[in-house]
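Asks: Residues per chain are reported as follows:
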Amino acid sequence: MSSKKRSGFRVVCRCEEVTEDEVRAVIRNGYHSLEEIKRILRTGMGHCGGRGCLKVIARLIEEETGIPIALQKFPSSRPPLKPIPLGQLGSYRNEQEER
Amino acid sequence: MSKKSADAIVIGGGIIGAATGYYLAKRGLKVFILERKFPCAGSTGRCIGGIRAQFTHDLTIRVMLKSIKMFQELHEELGTDVEWYAGGYLFLAFDEARKKSFEQAIEIQRRYGLKVDFISADDCGRIVPGLNREGLLGGAWCPTDGQANPFKVTYGYLEGVKRLNGQVFVNADVKKINLSGTRVVSVETANGDEFFSPIVLNAAGPWASEIGKLAGIEIPVKPDRHEALVTEAIERCLEPMLVDYRADGCYFVQHYGTGHFIGCYTPVPIVPGDSVDASDEFITEMPRRMVRLLPKLASVKVLRHWAGSYEMSPDGNPICGKTPVEGFYVSAGMSGHGFMFGPALGELMAELITTGESSIDLSEFRLDREWSKAEAMK
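Residue numbers (my numbering), protein chains in the order written: chain D, 216 to 314; chain B, 16 to 393.
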């Protein structure tokens with residue numbers, strides 16, 4: 216099979232296991248923004264917070280719709296930048312109170 | 016710039032606009048939904064997805080019994096899995112006054128056939144394995160309450176609107192509402208498009224007051240800021256939504272579809288305004304409260320933290336119905352419960368708009384009511 220035919224199986228969001236085909240289908244259904252695709256496919260909602268997938272998806276939007284990446288609005292980055300255990304975050308509070 | 020006509024225009028692409036638009040379209044109307052940014056950009060996309068009938072206002076209980084029935088059938092209705100799951104709601108009581116208020120609420124709720132009980136602390140522990148029962152007197156437990164995915168529900172309704180000959184416009188920021196005498200005629204957006212319709216529904220959530228003013232109508236909805244967080248997905252270990260009403264309490268649930276924990280708390284005092292900036296206080300305080308209730312969560316990692324608006328009415332109940340401007344309706348002021356009210360209020364408002372009355376009388380939620388009957392289980 217040629218690489219082109221197989222390209223749609225490429226995983227573009229590893230955290231939520233979303234393939235290129237799925238993203239293209241959503242764009243073709245009329246959803247032309249990263250924010251909408253995030254809400255439909257959960258791309259950017261996993262462990263990496265979108266660092267791995269959003270640029271790839273922005274490029275797919277550009278390919279499908281002609282909207283340049285530079286004109287696309289990227290979803291807000293949400294704290295914490297890396298996953299942190301609840302217990303660790305909560306004990307920060309307790310330590311502050313003890314002081 | 017373009018001019019387009021519809022049978023009904025809905026301002027707002029959150030759950031209220033999407034659901035009402037869908038049921039209007041189902042009744043044969045050509046519906047336009049005008050969304051300022053994109054669907055779920057406002058409150059709906061920031062809510063945690065809880066669904067319950069445990070309220071104290073009679074009409075709210077009746078609306079929620081209808082909504083829960085609709086959530087059960089929504090997969091079939093919309094052709095999309097909305098991740099409805101009846102995991103129940105457990106409201107915890109840590110003092111006698113709270114216990115008493117729950118017992119009073121249960122008395123009202125049972126009149127409408129709700130299966131709800133005040134259960135012992137030990138029974139709370141059986142429903143929530145690992146629950147910290149220190150100081151716990153018991154809880155109000157309703158197993159038929161549950162959860163669903165706000166994105167799936169809202170986008171499911173919007174896809175339904177499109178199938179039923181309607182259109183959804185994104186980046187459609189309504190800036191003007193045109194009247195002829197006392198009748199609504201058209202709305203105009205920031206990019207110069209004009210949409211004509213004899214029916215316009217204000218479903219703008221936290222911005223319902225601003226949209227009302229465009230038609231010369233005062234709608235007393237004020238947003239205040241709430242924050243939420245979500246953790247990584249883990250194996251299922253919590254069934255119900257757990258609600259701790261203490262001043263330093265919180266509420267959270269494990270998402271049925273994915274296994275994430277998602278939760279929030281109501282800040283004391285409230286933070287007025289539509290800011291959705293996330294605070295340092297919440298990201299440390301919320302984990303402390305969650306781990307205090309359910310110590311086994313200590314090792315579960317937080318993925319994201321964000322904020323959204325509750326759109327409060329003066330009495331904490333929705334504002335639904337007609338306005339002094341003919342053809343201009345409002346469905347807003349959901350006061351933190353818009354997602355769960357969505358299906359029922361959507362269908363009831365569609366009935367009201369098309370026939371002049373609804374199968375559950377919504378007049379207690381009318382705009383010109385006395386704001387005296389406050390909801391106790393906010």
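Just so you know, the hints here were simulated from the structure itself, not pulled from any lab data.
Careful, some of the hints might be misleading.
What the hints assert, rightly or not - Calculated lysine-lysine pairs in the DSS-like style (CA-CA distance at most 27 Å, straight line):
1. D:270 to B:45
2. D:270 to B:81
3. D:288 to B:177
4. D:297 to B:228
5. B:81 to B:177
6. B:228 to B:45
7. D:288 to B:52
8. B:191 to D:288
Said to hold, decoys possible - Covered by chain B, according to a simulated footprint, are these stretches of chain D (three or more residues, beta-carbon under 8 Å):
9. 259-269
10. 291-299
Positions of the beta carbon are idealized from the N, C-alpha and C atoms, including for glycine.
Asks: The structure should be examined with respect to each hint, and the outcome stated for every one.
Replies: Okay, the hints, checked on the actual structure:
1. D:270 to B:45: violated (37 Å)
2. D:270 to B:81: violated (43 Å)
3. D:288 to B:177: holds (25 Å)
4. D:297 to B:228: violated (43 Å)
5. B:81 to B:177: holds (25 Å)
6. B:228 to B:45: Holds: residue 228 of chain B and residue 45 of chain B sit about 26 Å apart, inside 27 Å.
7. D:288 to B:52: holds (11 Å)
8. B:191 to D:288: Satisfied, since the Cα-Cα distance of roughly 26 Å is no more than 27 Å.
9. 259-269: holds (count 4)
10. 291-299: holds (count 6)
The structure is inconsistent with the numbered hints 1, 2 and 4, although it conforms to all the rest.
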